[in-house]
Amino acid sequence: MENLQKILGELEALKINMHDGDFLLTWEKSHDEILATLKTAAALKNLYENNISARVFDSGLAVSQFRDNSTRTRFSFASAANLLGLTVQDLDEGKSQIAHGETVRETSNMISFLTEVVGIRDDMYLGAGNTYMREVAASLEKGHKEGVLHQRPAVVNLQCDVDHPTQSMADLMHLEHYYGSLEKLRGKKIAMTWAYSPSYGKPLSVPQGIICLLSRMGMNVTLAYPEGYSLIQDCIDIAGRNANQSGGSFRVVNSMEEAFEDADIVYPKSWAPFRVMERRTELLRQKNQDALKELEKECLEGNARFKNWECTEEKMRLTKGGKALYMHCLPADITAVSCRAGEVSASVFDRYRVETYKEAGYKPYVIAAMMLLGRFKRPAAVLGELARRGKKRVG
Amino acid sequence: MENLQKILGELEALKINMHDGDFLLTWEKSHDEILATLKTAAALKNLYENNISARVFDSGLAVSQFRDNSTRTRFSFASAANLLGLTVQDLDEGKSQIAHGETVRETSNMISFLTEVVGIRDDMYLGAGNTYMREVAASLEKGHKEGVLHQRPAVVNLQCDVDHPTQSMADLMHLEHYYGSLEKLRGKKIAMTWAYSPSYGKPLSVPQGIICLLSRMGMNVTLAYPEGYSLIQDCIDIAGRNANQSGGSFRVVNSMEEAFEDADIVYPKSWAPFRVMERRTELLRQKNQDALKELEKECLEGNARFKNWECTEEKMRLTKGGKALYMHCLPADITAVSCRAGEVSASVFDRYRVETYKEAGYKPYVIAAMMLLGRFKRPAAVLGELARRGKKRVG
Amino acid sequence: MENLQKILGELEALKINMHDGDFLLTWEKSHDEILATLKTAAALKNLYENNISARVFDSGLAVSQFRDNSTRTRFSFASAANLLGLTVQDLDEGKSQIAHGETVRETSNMISFLTEVVGIRDDMYLGAGNTYMREVAASLEKGHKEGVLHQRPAVVNLQCDVDHPTQSMADLMHLEHYYGSLEKLRGKKIAMTWAYSPSYGKPLSVPQGIICLLSRMGMNVTLAYPEGYSLIQDCIDIAGRNANQSGGSFRVVNSMEEAFEDADIVYPKSWAPFRVMERRTELLRQKNQDALKELEKECLEGNARFKNWECTEEKMRLTKGGKALYMHCLPADITAVSCRAGEVSASVFDRYRVETYKEAGYKPYVIAAMMLLGRFKRPAAVLGELARRGKKRVG
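Residue numbers (the working numbering), protein chains in the order written: chain A, 44 to 438; chain B, 44 to 438; chain C, 44 to 438.
It should be emphasised that the hints constitute simulated quantities derived from the structure, not laboratory data. For clarity, every value in this text was computed on a predicted model and none was experimentally measured. Built from N, CA and C at the ideal position, the CB exists for glycine as well. Treat the hints with care, as some may be off.
[Unchecked claim] Derived DSS-like pairs: lysine-lysine, alpha-carbon spacing no greater than 27 Å straight-line:
(1) K366(C) x K435(B)
(2) K350(A) x K330(A)
(3) K420(A) x K366(C)
(4) K434(A) x K435(B)
(5) K330(A) x K336(C)
(6) K188(A) x K366(C)
(7) K185(A) x K336(C)
(8) K434(B) x K434(C)
(9) K185(A) x K435(C)
[What the hints assert, rightly or not] Stretches of chain C that chain B covers, calculated by requiring three or more beta carbons in the stretch to come under 8 Å of a beta carbon on chain B:
(10) 95-106
(11) 303-313
Construct the complete structure from the given sequences, taking the supplied hints into account.
Okay, structure coming up:
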């Protein structure tokens, strides 16, 4: 859409303080910093699509640590690292000689002597994932100050118990492109709603990330869930404050239909109840397998009471002109495709399938932007230099 | 052997249509396309051996998916990707969050946003491996057309239930170099024969690939196996037609000795009977462990009836001048070395050991050629530009 | 510290014969070769810290094979490979199709067609690890001579049953920087002592590597262990001879206190008794799980008799001015931090924590130096050319 020079001019004008820092929660970032992330991602996408190499690194490692299974994010992280010239080295705790009792501080330093970025997914333990990322970041900061590390690697949150910033930022970039600009998002109604799924224990970080980020864009955000499926209270509070400040709105309802009413955008997605996640975290720590099984059974039975929370054609007709944009972080639980009854009917999903794929396609650029902003003080100059150099990526 | 300019001139003259396509079966490729693959592989080998970098990509991913264990092909794929400047990202289904019921279409797109090549090994399920590759390829084709993927990744078959094109093409390249030219292969007699092995369930793709490819070169191809060890009928038909068209011949016999008689080349190699593989595929799908064990026992007992199908010194004396070239895709089951009784006697293998290693050594270049041809419309121009650039690979 | 031109001048003056060779044991290397490794590592560190790319390879593989868990060495190897422009390809025996009975010779060749370096960790079996590395090296040497391999990959010992040269060389580099020069190490007293650990089966290679290397530097080396915890006799002999030749000294005592007396440097570190490791090797080969358990129990009970072999503040007061430098290869068993009772008290470790991290930080450069020296005949010229080229590593 925009040309590169325009993007870089706008990026240059933003006041940001992201160099030698991390990307852990969108709400720790200023409005300019959110914009800078989008602009940088757009610039990298522009370079890629114009076959200009974006290798700002001739060597260097990007360490990944996945404490939960992952395909999409793993490939997005690998793509982002590769785009910038970094090589992924995975910290696989199974193959590691991480001694019992070895400190996070020590491991963080040991893996970082020639490392530029550390990407972490840690979303299983409520109250633990983001805390762990902060401990890693603090260790790297200290290691750099103590002279152990020549450079200060940037930590990128690849999904924690609180936020999923690479997802929410990719979602925002998708909306920006879909509607033509961020300005056009003002006043748009989005329904971030719970949806039924036959699976269990899905993290809360996607809905939390979405309500906390989109409420900053002057959008009217409705969060909908069945009773008992509330999110972390802090996130609810943040979304409310953000809406106030941005001139948007934020409300919570207990009806999918109510949320869909006149919505421009719908984001129906399952998650586990906050209280279940809390108990699960405890039980996981106790390694209490019996109680975990019991909890899973209970939780699935709980979900089953809300099978009607499905994004159907009927519900879609409630949205603005019956034509709301359907969003999902994928993979969606599609009724009669991936499960008997799920989050969305096959016909709705099919109509928006290509859009959801494009939505996912922004993630590599968003992650690369977070990496670049964490490592370079003057991102616009760096990107401009790449364009001037004009080295072909292919051929 | 040939110098680079000669190779590129010949490559330039070929009529090919491989750009934005896949390499799934050799018999889907025209004669010129087979030649182009050999020429491109030879050019890449020439560049490598002259210490000229063949990095046509400054960044980009080569995704690998191994649905069966692999060393040789895994390393060949990694070498090929690295030679061209691509970074391997492995799709490990064990570590993936590939949701139950997630479509191949979705996964294929999700791993391909910045991907140039997808290499797949899927040889366990008869009737399924090649089908799966086609589904991935169709998904990528569609994703590219729908605007999800900026580029159209090329799918390379790293062994399926039907063909093993990276092996058969490496074998052909070995023969070309061994005899000096493809022309010299005309009229040469090759015995592709079953051989006894104490192991079970070996795929049919190597013999199928060999008879279908070498029958195109004007060679006299004899396929030999004990009763009950036939191959997929389609491949038999193709080999016959190819031989007719190329001026060679193709016949099937049930005697190793008959096949060896006056042969220039012998390729003794074990495989499972087609019918066993069919039943095994069914039972694997049913996860019927008991029946699978029974089938294995039965199959090994079946094999044991043919322990005399061993490539011995005695049998080698039947070949032309007693000096046929011995070929194998490795690892071979060597009698008294890797097993009590196997495909080949130690003394025969030892005499040809270095040749079999060289045979394997063509594979990285063949795979790199398939990658390059799938991604570049004018391969000769691209390779010529690499030579002109003359960037040192080392030092 | 020193500037690059000075380092390269000194490197140029050394007489070395490391090209197309391996780095398996420090005591197989001449004094000049040890110095060349340190100089090359220092030059690479200098380039890195001055943001000059050290990519001497535009493509090529560095194969790693870890037959034991590893974090530190795995990341150091990956960093070193990446620094020089090589891509790590891991030979994971679990995912490999290494046939039962397949020879080391064959596998070594199959993984090396486009490979520059092979790094191996194999420290579990006494009498086997180093032997295995030699077999790989001999196979590569032969493969190169036979024309199978275009280049002769260098094997780097990433820890075996006998030596841990990447560790001992990093330790030496740390001492060189800590004291300002190798000259200043002359006459310094180092106590390489056993220490108590609640864990079992730690290799002997670190203490063996340390006594054999530092005894060459004119240092006064004291090895201390409780009765029954002796090392491989050959290493004891080598350390004695080295000390004689270098003008240093070497002695063995059975008291931690005696070793600490007036020491400039202490290196308290647990290891298993030689005889236990011997029996363990036998039992591992027999897969005798019951006997292995019994042995572990016995060994831990044995260790427990020596809980007073802990590096405490009290013992540190025995050292020179109470201020000996504490060293460790990490992770250390820290009393009341990583275990109830361990090798070192928390307060001692904390005081030297940053130094131990810096000590570990030399490892990537040491490994990269071993790679470079194994592959280039004129390392000073190669490094000088990198400096002249002056390609930025970042930005």
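**Message:** Need the list of violated hint numbers for this structure, in ascending order.
**Reply:** Hints 1, 2, 3, 7, 11 not satisfied by this model.
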